[in-house]
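A.B. asks: Please construct the entire structure, taking both the sequences and the accompanying hints into account.
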Amino acid sequence: MLRKFLTLTAVITLVPLAVHTSYAQGVKEEFAEKNGARAIGMGHAYTGVAEGLTAILWNPAGLNSVQNTSFYFSRYEGFSFTVSDPSGGEVEDQISFNLFSIGMPIKDIGTFALTMNLWDLGASEVTSVGQDLTGLDDQSLWMIYGSFATKFNKKIDIGVSMKYIREKLSSMEGGIGTSVAVDIGVLYRPLEEVPVQFGAALLDLGPNMQFKNEYQSDRLPRRIRVGVGYNILKHLLEQDRFNLLLSADYERFLVGNPANDGFFLGTELSIEATEDMLLGLRGGYLSEEGELNGALIGFGLDWRGFSFDIARELGVNPLSDRTFYAVSASF
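Residue numbers (the numbering used here): 2 to 332.
Warning: the hint list may mix true and false statements.
As the list claims (entries may be wrong) - Ranges between beta-carbon positions, derived for each pair: (1) Glu289 / Thr324: 17 to 23 Å; (2) Lys108 / Leu320: 44 to 50 Å; (3) Phe199 / Met278: 40 to 46 Å; (4) Asn99 / Leu280: 24 to 30 Å; (5) Asp241 / Pro191: 17 to 23 Å; (6) Asp109 / Phe243: 32 to 38 Å; (7) Asp241 / Asp139: 45 to 51 Å; (8) Glu193 / Ala260: 33 to 39 Å; (9) Ala330 / Gln240: 24 to 30 Å.
Since the hints were derived computationally from the structure, they do not count as laboratory data. The model shown is predicted, which means the values in this text are computed figures rather than measured ones. Backbone N, C-alpha and C define an ideal beta-carbon position, used for all residues, glycine too.
C.D. replies: Structural data, given as structure tokens:
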């Protein structure tokens, strides 16, 4: 009863954040960029799988899978570029994305987590009215999450994240925008004897990203994701040493014209090499609006509560394929 009351209270409190005004100029689609090497290696098909702290970005209901105090860090680097400095030289810079998360379960209540998604967007050139170069200005994006998930009943997990968003495009007036948003997710296991799980999440529900006033604002990338995960070997062979996880996701933006669609497929073959060691091989494919489509691969190692994951894009990004790294520990 306490779990249900806390969850219902959180949802009722946060629903008003989903409203938006009619003054928005665009959609902050880049805020939908994801992190987490395991999920990336599975082709972004993670809404129905949703395990561990990284599930916060995909489906907050998956946070309920965290059964011990856990720490998580994931990083990847974007493309490199050069900017000119006031001395006339050129400086090479690079975009980087860092995710920090800590989660703690509380018996008979649920799991709480605090997450920081920090983007270093590099430097931009600052010019005077006469277009003379006067310096460089750092750009950044912060997304700070407070998350909670719990078991609604034997078959259903639910979760919610409240987040604060701050984007700095410049140090000048109107160069910093802020907003708040909420993510809501659910996981459903319809059959006790079949290891299949369905997931759904509503993401980035909140007011427009406002920089100077309501006329200079952008809509958050409000969207819905649905997915399914099925452990076929566990089902057919009734054992836990070899597992083959199959997953599929669909994503649709609720803003923008036309609305963007994305389709994602993933798989993970995991092997219990020893009693304390689990190895995972991953692969996936994604297809989104525009030029983002292609294959992804990944690898994972879990040993006595410590894990390392790596994932790589294969022709997905027209700018530059990226490599994702993650480490985690649970106690």
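A.B. asks: Would you say the C-beta atoms of Glu289 and Thr324 sit inside 17 to 23 Å of each other?
C.D. replies: holds, 19 Å
A.B. asks: Could you tell me whether the CB distance from Glu193 to Ala260 stays inside 33 to 39 Å?
C.D. replies: Since the Cβ atoms of Glu193 and Ala260 sit about 37 Å apart, the hinted range of 33 to 39 Å holds.
A.B. asks: State, for the Cβ atoms of Phe199 and Met278, whether the hinted interval 40 to 46 Å holds or is violated.
C.D. replies: Violated - the Cβ-Cβ distance for Phe199 and Met278, about 30 Å, lies outside 40 to 46 Å.
A.B. asks: Return holds or violated for the Cβ distance of Ala330 and Gln240 against the range 24 to 30 Å.
C.D. replies: Distance hint for Ala330, Gln240 holds at roughly 27 Å.
A.B. asks: State, for the Cβ atoms of Asp241 and Pro191, whether the hinted interval 17 to 23 Å holds or is violated.
C.D. replies: 21 Å Cβ-Cβ, so the 17 to 23 Å window holds.
A.B. asks: Is the distance from the Cβ of Lys108 to the Cβ of Leu320 consistent with 44 to 50 Å?
C.D. replies: The hint (44 to 50 Å, Cβ to Cβ) holds, given that Lys108 and Leu320 are roughly 46 Å apart.
A.B. asks: If I claimed the Cβ atoms of Asp109 and Phe243 lie 32 to 38 Å apart, would that claim hold in this structure?
C.D. replies: Holds: the Cβ-Cβ distance is about 34 Å, inside 32 to 38 Å.
A.B. asks: Would you say the C-beta atoms of Asp241 and Asp139 sit inside 45 to 51 Å of each other?
C.D. replies: holds, 48 Å
A.B. asks: Given the range 24 to 30 Å, decide if the beta-carbon distance of Asn99 to Leu280 lies inside it.
C.D. replies: holds, 26 Å
Hint compliance for this structure: hint 3 alone is broken.
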